[in-house]
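For the sequence shown, our numbering assigns the number 106 to the initial residue and increments by one for each residue that follows.
Be careful, since some hints might not be right.
List of simulated lysine to aspartate or glutamate pairs, DMTMM-like, C-alpha gap at most 25 Å [said to hold, decoys possible]:
1) Lys152 with Asp175
2) Lys167 with Asp133
3) Lys152 with Asp133
4) Lys316 with Glu240
5) Lys316 with Asp336
6) Lys167 with Asp232
7) Lys316 with Glu379
8) Lys167 with Glu183
9) Lys316 with Glu360
10) Lys316 with Asp287
11) Lys167 with Glu185
12) Lys167 with Glu115
13) Lys316 with Glu183
14) Lys152 with Glu183
15) Lys316 with Glu333
16) Lys167 with Asp122
17) Lys316 with Asp380
18) Lys167 with Glu111
19) Lys152 with Glu333
20) Lys152 with Glu115
21) Lys167 with Asp227
22) Lys152 with Asp122
In short, the hints are calculated from the structure, not lab data.
From a predicted model like this one, the values you see are computed outputs, not experimental measurements.
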Amino acid sequence: MNDEPETIAERLQSSFDDLTRAERQLADSLLTSYPVSGLGSITQVAKAAAVSTPTVVRMVQKLGFTGFPDFQSALRRELEARISDPITKRDTWVEKAPDAHILNRFTDAVMGNIRQTLTQLDPDMFDRACAMLAELDHSVLVVGGRITRSLADYFFMHMQVLRPDVTHIQSMSNAWVHYLLDIQPGDVVVIFDVRRYENATLRLAEMAREKGARIILFTDQWRSPVHEFSDCTFCGRIAVPSAWDSTVTLMLILEAVIAEVQEHTWDSSRQRMEDLEDMFDRTRFFRKFT
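Put together the whole structure using the sequences plus the hints.
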């Protein structure tokens, strides 16, 4: 069982409806440049949100902390987790690892990640993202990072079958700015970015937003800085007993998105899929056992 606690960002999001107007204002301020935005003094945090210091105290207590120092300690632990390198992450897991076999421990962690991720996922946002991707009068661009490029490639391949005008930004080299030239207002840029967040990806999101593009972000529980520019953000929990993070939860959401976009576009995507199968047959791309 994955007993990793919720992040403060997740606590803020899940309790948002129960907060007062001033507390919601504070929550919005904290989620901007999170988690660094909460690491100043209580006076600085209150001033940045244009609220009183008692409001800060009341809200952190609503989140389950004894006070502001306890709240900041949790933030610092999150920040340490975000920036830790693979070797440090593995050492932490090894120290805490139970005696059970790695297959059991890893599976328990992944299942816990899935449960907690789905608990936090907003169905309305999911539907909105799928509808955006099904708008055939707007282009879709897909970009991943060092680790998430495989997710981007997988998503691109399926989107390319389901609809036209899909572009895969395959490398975040200096040439990535070329892809911005043809972005039109309303186009959709799908970005994959998990910790250790990439500077080029953030800059791409910022510049695409300036051109009127809408952004769908797939990230981790700590949320990439790209979240500041995104219209829809999917946060998948990624921590597992390994030096590497797991992308299983993101893949689950991704495949659900693909399935829903297929339903939205079925009238046209069915013909595209039939045409593709015909080309596979003509080129004998796949071996047939008949």
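Going down the list of hints, with the structure as the test:
| no. | hint | in the structure |
| --- | --- | --- |
| 1 | Lys152 with Asp175 | 20 Å, holds |
| 2 | Lys167 with Asp133 | 15 Å, holds |
| 3 | Lys152 with Asp133 | 13 Å, holds |
| 4 | Lys316 with Glu240 | 18 Å, holds |
| 5 | Lys316 with Asp336 | 14 Å, holds |
| 6 | Lys167 with Asp232 | 30 Å, violated |
| 7 | Lys316 with Glu379 | 35 Å, violated |
| 8 | Lys167 with Glu183 | 19 Å, holds |
| 9 | Lys316 with Glu360 | 28 Å, violated |
| 10 | Lys316 with Asp287 | 10 Å, holds |
| 11 | Lys167 with Glu185 | 24 Å, holds |
| 12 | Lys167 with Glu115 | 13 Å, holds |
| 13 | Lys316 with Glu183 | 33 Å, violated |
| 14 | Lys152 with Glu183 | 23 Å, holds |
| 15 | Lys316 with Glu333 | 15 Å, holds |
| 16 | Lys167 with Asp122 | 12 Å, holds |
| 17 | Lys316 with Asp380 | 34 Å, violated |
| 18 | Lys167 with Glu111 | 14 Å, holds |
| 19 | Lys152 with Glu333 | 20 Å, holds |
| 20 | Lys152 with Glu115 | 23 Å, holds |
| 21 | Lys167 with Asp227 | 22 Å, holds |
| 22 | Lys152 with Asp122 | 23 Å, holds |
Of the numbered hints listed earlier, those contradicted by the structure are 6, 7, 9, 13, 17.
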